[in-house]
Amino acid sequence: MNVKPILSLKELSVSLKIDDNYVSVTEDVNLDIHPGRVMALVGESGCGKSVTASALLRLLPKELVIVNGEILFDAQNSGTPIDIASLSPKGREIRNIRGNEIAMIFQEPMSSFSPLHTIGNQIEEVIRLHKNSSTNDARSIVVGLLKKVGIGNPEKAVDRYPHTFSGGMRQRAMIARALSCDPALLIADEPTTALDVTIQAQILNVMKEMQSEYGTAILFITHNLGVVAQMAHDVAIMYMGRIIERGSVTEIMKNPQHPYTINLLRAVPRLGDLEAQKRLEPIKGSVPSLFERPDGCAFSPRCEKSMTGQCDRQIPPQRQLSETHFVSCFWNSQKPTEDYVS
Amino acid sequence: MIFKKKKNEIRRMDLASYWQLVWWRFRRHRMALIGGILLGMFLLITLFCEFLSPYGPHSRNTKYTQGSLMGIHFFDEDFNFHLRPFVYARVNKRDPVTFRLKAEVDTSRQWPIQFFVEGEPYKLWGLFEARIRLFGTEEGFVHLFGTDQLGRDVFSRILYATRTSLSVGAIGVFFAFVLGLIMGGIAGYMGGTVDEFIMRLIEFIRSIPTLPLWLALAAALPREWSALKVYIAVTVILACIGWTNLARRVRSRLLSLRTEEFILAARLSGCSGSRIISRHMLPSFLSYLIVDLTISFPYIILAETSLSFLGLGLREPIISWGVLLFSAQNVRSIVHMPWLLLPSLFVVAAVLAFNFLGDGLRDAADPFAK
Amino acid sequence: MKTVIEVNDLKVHFPLGKRRMFGKPKSWLRAVDGVSFKISKGETFGLVGESGSGKTTLGRAIIRLVEPTDGQVSGEFEGVPVNITDLPQNELRQQWRHMQMVFQDPYASLNPRMTVKEIIGESLLANKLASGKALENKVRSIAELCRLDTQQLSRYPHAFSGGQRQRIAIARALVMHPEFIVADEPVSSLDVSIQAQILNLLKDLQQELKLTYLFIAHDLSAVAYACDRVAVMYLGRIVELASTEKIYYTPKHPYTEALMSAIPDLDPDQPMQPVFLKGEQPNPADPPSGCPFHPRCSYADKDICTNRQPEFKELAKDWFVACHFAQDLNLKGSKDY
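Protein chains in written order, with this note's numbering: chain A, 1280 to 1621; chain B, 7 to 376; chain C, 6 to 342.
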């Protein structure tokens, strides 16, 4: 791709600090997010996807430290990116980036609004803080935003308190707040996990519309592969703190090359299975704890393709399969794998 | 590997029972440990105050009335070290201005402190006749914390008072606990109108200002009652007020436990009501109750101290911290004998120790929280 | 097919709001409001619906973990018919041997103060079915059946991962060899790869032990994989009940359509085209008049749907729908699959 990435992670490693010991949480994460595209970061709980997101905004709790790597952020595509990893986590620069240039929406729409202020006030505050607009202007901007994210009767809704909103409406309001400053990058951390399917579909739809209208780049963190297929342009699969495969959504969903990705797709139940009397193919075992990271490829103990003497000794290097498709695995499937999706 | 230790720890955690986890978590609380050790010492005092104190609580030393603190020395005037600690002798001299007898330190003579000496006879726990006391002197006397107007040893009296105050606390907390458990249990288990009634009753009791209530209840005790009767009455009064807090907590824990999934699972397992309560519910809030108990202890102790201090609670010959402080009430005695205020240090130490311990226990009671 | 559970016009209403002292509550939450269906022996009966639809309450009311307000549930275990709703408490405790439950949250459903062995063996002890060596053996064999490591049975639940905990919970439910299991969102708190393990385990156990499941879930693809028949709940009522294929491919109720069309497809070339519902889910304490779904339904008729409550009637064989226009509507199902 010729366009410069808006955000580029270079060998980002985050560790958990216990007394004077360090335990790796993420290792050598490389990721490019391009303007106007949705990058999905996929993995099971504890794989380090949320830690990566918090690291981007320097919102890590104090036990988690960035031990290596760069976070290059270039909102204006100027060619001179800022390294977020080198900024002070409490400094003015990072605060300016947070909310203004990188916005974030969370899984829990309940706890992300203060119950003491109206929805309108809380969004206005963001706008005034970053855009220096007057109270009247801010209010009309908020009404416009609420309308855009599909909240019915936005003139009344601005004056309502968060607890009178349903989960779906709150998530919409959160998207409105995130978009209020026209950020260059939106980080969405499991934004639909707590919602029912019909609401999830609506929220995904709103996000898609907003994305095509504003051209915001989105880092979409989720474990739901269906949502990935529907939302993302690019996909990165994480396992135990490492990105083991990344590529375009078609490459990942239709031609996965890493055994973990293949297994993950096979483990998702779907309707056709019932008629075909197919069984799900679960991945054996479970994700080891951070303190018991296997040597070599972290997935090797659970991997059917694991080769003793190699996979359990060395960390597989990254292979490039196409312009966009990268995989970190010794196993080479030679031929394109069967189509797992359709 | 640098994480070997951490790994072992995790393996050990896997096999640990709930109470082991609680202990490991508690151990990390330094203040709570200190509180625990302090309380352990108080417990020893309570159990063995006859043995630990050099004199009986009522025996008078006419040679040393209103006497000041007596320091224990290892070095004499010439900086010679003595393995056996000693106190300097006291001689009574008449004050040339006031013509009153006053004890003065005589550094030329030393009264060495002996351990396990035969002192005044006493009955340990009212059962065993004994004479052996932890320390004392063969010649002269030792009053670490001085003496009061009548020449009674303040140190010994404080140790005896510790027993009274802590036992009033313990019995009071016990009654409060039983009452709280029953009332809270009924309210939480029966629910509905009964619950409503008990909750309103608790609110009513709590809305009465405590000090006047104590005063009224204590004043209602007949003056001709023996000290022992008063003692029992006072603990009951304290318990009657102290149970409300516990009852509320028991109720709220029962209510929240009732809908816990593992309790539902226990019901489905065919457990009878009593089995659910005894095997599934009680163990899971016992730890919280212990915390609540620890925290309600100091309230009862403080309440007893205040009552006795006002002269409405316990009275001589039963001595508690409050009774001791009662005699330190007027300015003259504080000016002449500031050591009579020493029991208040014990009150503060006990209250702090209970609070520290409670704090640590509260944190440890939920070892699964991160 | 033999019927194991038959539910007839079941209602569960909860008193709502602050009660006046010694008085009757002002309003009622109709969590389950008149539900009827049968579950046949050996089948997996799915129950789907969004949060607040009453599916969990229904599951609990059937086995009387929640007391029904009205209606009947009858069962037939080991060939003996029982009227579950009328059982006195002590007999109900006996009957629970045949009806068990697997809960959603494997962290909350296991007593943290008991070892795995004690948790699994508790029902045998409580019912005095086994003790000592026999108890130990029974616990061990059921743990093996649930693919648990029998070396680890003296550990406490906190030593296990979510998937293993759910296996423990399943072992506990199965130790008395029940016939009917209510599985309330058994996989929704687990990771994808673990979900598959548990779903497969439930299937295997069903075949080995001839179990009948009531499978409650909001994850529609897990239900599609696991269930033979599916009932869709909305505001305390079943709006549609049919075989899984019919429900997913050719729904007849507009709400089922909205649900099914909202499943995100795994194929990025098959963009989903969800049918959006209007507005928000109404307050279950104050359901709309007529058809409870009419305010959000895009096919609703002003007169009929607002005023008349649709009957839950059999449209075709084994296909029940509660919609006035079920016959006339041409609805979309879930995309391909």
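Simulated from the structure, these hints should not be mistaken for laboratory data.
Take these hints with a grain of salt, some might be off.
One-sided excerpt, in silico: chain B residues whose CB lies under 8 Å from chain C [to be verified]:
1. Tyr24
2. Ser173
3. Ala176
4. Gly197
5. Cys277
6. Ser280
Some chain C residues flagged as far from chain A (calculated, every beta-carbon gap over 10 Å) [what the hints assert, rightly or not]:
7. Gln77
8. Glu81
9. Ala135
10. Lys138
11. Lys143
12. Gln169
13. Asp272
14. Asp274
15. Pro292
16. Lys337
Quick look at which bits of chain C chain A covers, simulated, 3 or more residues with Cβ under 8 Å [stated by the list, open to error]:
17. 93-105
18. 148-158
19. 198-208
Think of the CB as a built atom: it goes at the ideal place given N, C-alpha and C, for glycine as much as any other residue.
Comparing the hints with the structure gives:
no., hint, verdict
1, Tyr24, "holds, 5 Å"
2, Ser173, "violated, 32 Å"
3, Ala176, "violated, 27 Å"
4, Gly197, "violated, 11 Å"
5, Cys277, "holds, 4 Å"
6, Ser280, "violated, 11 Å"
7, Gln77, "holds, 30 Å"
8, Glu81, "holds, 26 Å"
9, Ala135, "holds, 31 Å"
10, Lys138, "holds, 32 Å"
11, Lys143, "holds, 26 Å"
12, Gln169, "violated, 7 Å"
13, Asp272, "violated, 4 Å"
14, Asp274, "violated, 7 Å"
15, Pro292, "holds, 16 Å"
16, Lys337, "holds, 13 Å"
17, 93-105, "violated (count 0)"
18, 148-158, "violated (count 0)"
19, 198-208, "holds (count 8)"
In terms of the numbered hints stated before, the structure departs from hints 2, 3, 4, 6, 12, 13, 14, 17, 18, listed from lowest to highest.
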